[in-house]
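Peer 1: Residue-level listing of the chains:
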Amino acid sequence: MIKIWSIKKDNSSAEKKKPKVSAAQIRVQKDLTELALPETMQMTFPDEHDLLNFNLSITPDEGFYRGGIFRFTFNINNNYPHDPPKVRCIQKIYHPNIDLEGNVCLNILREDWKPVLNLNSVLVGLQYLFLEPNADDPLNKDAAEDLRTNRKNFEYNVKQSMRGKDVKGVYFENVLS
Amino acid sequence: MKVKIKSWNSVAIWKWDVPNEEVCGICRVAFDGCCSTCKTPGDDCPLIWGECSHVFHMHCLLRWLATEGSRGQCPMDRKAWVTAK
Chain A
1 MIKIWSIKKD
11 NSSAEKKKPK
21 VSAAQIRVQK
31 DLTELALPET
41 MQMTFPDEHD
51 LLNFNLSITP
61 DEGFYRGGIF
71 RFTFNINNNY
81 PHDPPKVRCI
91 QKIYHPNIDL
101 EGNVCLNILR
111 EDWKPVLNLN
121 SVLVGLQYLF
131 LEPNADDPLN
141 KDAAEDLRTN
151 RKNFEYNVKQ
161 SMRGKDVKGV
171 YFENVLS
Chain B
1 MKVKIKSWNS
11 VAIWKWDVPN
21 EEVCGICRVA
31 FDGCCSTCKT
41 PGDDCPLIWG
51 ECSHVFHMHC
61 LLRWLATEGS
71 RGQCPMDRKA
81 WVTAK
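Chains as they are written, first to last, in UniProt numbering: chain A, 1 to 177; chain B, 1 to 85.
Just so you know, these hints were derived from the structure itself, not from any lab. For clarity, every value in this text was computed on a predicted model and none was experimentally measured. It cannot be assumed that every hint is accurate.
[Said to hold, decoys possible] Taking lysine-lysine pairs in the DSS-like style, the calculated list, with each CA pair at most 27 Å apart, reads: (1) A/Lys-168 - A/Lys-92; (2) A/Lys-92 - A/Lys-141; (3) B/Lys-15 - B/Lys-39; (4) A/Lys-30 - A/Lys-86; (5) B/Lys-15 - A/Lys-30; (6) A/Lys-165 - A/Lys-92; (7) A/Lys-30 - B/Lys-39; (8) A/Lys-168 - A/Lys-152; (9) B/Lys-79 - A/Lys-86; (10) A/Lys-20 - B/Lys-39; (11) A/Lys-141 - A/Lys-168; (12) B/Lys-15 - B/Lys-85.
Just chain A, with the same shape it has in the complex (with noise of 0.2 Å):
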């Protein structure tokens, strides 16, 4: 007869040598199998064995930021998905919602995270980032202002900001794929 206690015994010293895998990366390895990435986005993993660090790229096929290829790191500590992942845009762009330091305003990023969501989650929420920039919740004020009065002019900014060349002063970097 199989001796339930026993195995649960044995079950728990073992449970006191400090696990290999952390509770994180179980959790980001099944958000990863069951990502269904867009022809639109591209993760690469810089370090195979690391999958709580790797980079995305973002090609919008329409909207004002077509044309370009947007890169972001994503850090995941191993409090996830308690806590959410660390989004950073690593170009400098004129964007409503980003920051030049690359700061992302992504509710379901900050205030909203849950741990329920996973990446794919964000992942859908940064795509709409670029496809509906949003003037409401800025980061970059003068950004926001510019799609919220002209939305004509925010356009040749965005333009022209993904060519490297200057709006308002600031240089910007060229996106251009």
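Given chain A, work out where chain B should sit, using these hints.
Peer 2: Chain B in isolation, oriented as in the chain A frame:
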């Protein structure tokens, strides 16, 4: 014919009273499994039900409620978490 029973083994199964094939929304592991910090499912890694009807592994939920960002809310519907009795 007479049968003499010399020995017998009993077998039992258990499962949580939750819909089949459902997973905990926080760790994404089956409810009948355990949260990612535990090794043995069952009483050692119980489930917790909220009055909002949402279910999680207790350890997963408590860890979430302990974070500042949770504001004491259910991770599904963002209503104040009240454990069902």
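Peer 1: Each hint needs a verdict: does it hold in this structure or not?
Peer 2: Results of checking the hints against the structure:
Distance restraint check for A/Lys-168 and A/Lys-92: the Cα-Cα separation of roughly 14 Å lies within the 27 Å cut-off, and the hinted pair is therefore satisfied. Under the criterion of a C-alpha separation no larger than 27 Å, the hint pairing A/Lys-92 with A/Lys-141 is consistent with the structure, at around 15 Å. Note on B/Lys-15 and B/Lys-39: the hinted pairing holds, with a Cα-Cα distance of about 16 Å set against a maximum of 27 Å. Simply put, A/Lys-30 and A/Lys-86 have alpha-carbon atoms about 18 Å apart, close enough for the 27 Å limit, and the pair holds.
Pair hint B/Lys-15 plus A/Lys-30 holds up; C-alpha atoms about 23 Å apart against a cutoff of 27 Å. Simply put, A/Lys-165 and A/Lys-92 have alpha-carbon atoms about 11 Å apart, close enough for the 27 Å limit, and the pair holds. Taken as a hint, the A/Lys-30 and B/Lys-39 pair is honoured in the structure, with Cα atoms around 18 Å apart against an allowance of 27 Å. Our distance criterion of 27 Å between C-alpha atoms is met by A/Lys-168 and A/Lys-152, whose separation comes to about 16 Å.
Using a Cα cut-off of 27 Å, the hinted pair B/Lys-79 and A/Lys-86 holds, with the two alpha carbons roughly 25 Å apart. The straight-line distance between the Cα atoms of A/Lys-20 and B/Lys-39 is roughly 13 Å, inside the 27 Å bound, and the hint therefore holds. Between A/Lys-141 and A/Lys-168 the alpha-carbon distance is near 13 Å, which keeps this suggested pair within the 27 Å criterion. With a CA separation close to 19 Å, the supplied pair B/Lys-15 and B/Lys-85 stays within the 27 Å bound.
Violated hints for the displayed structure: none, as all numbered hints are satisfied.
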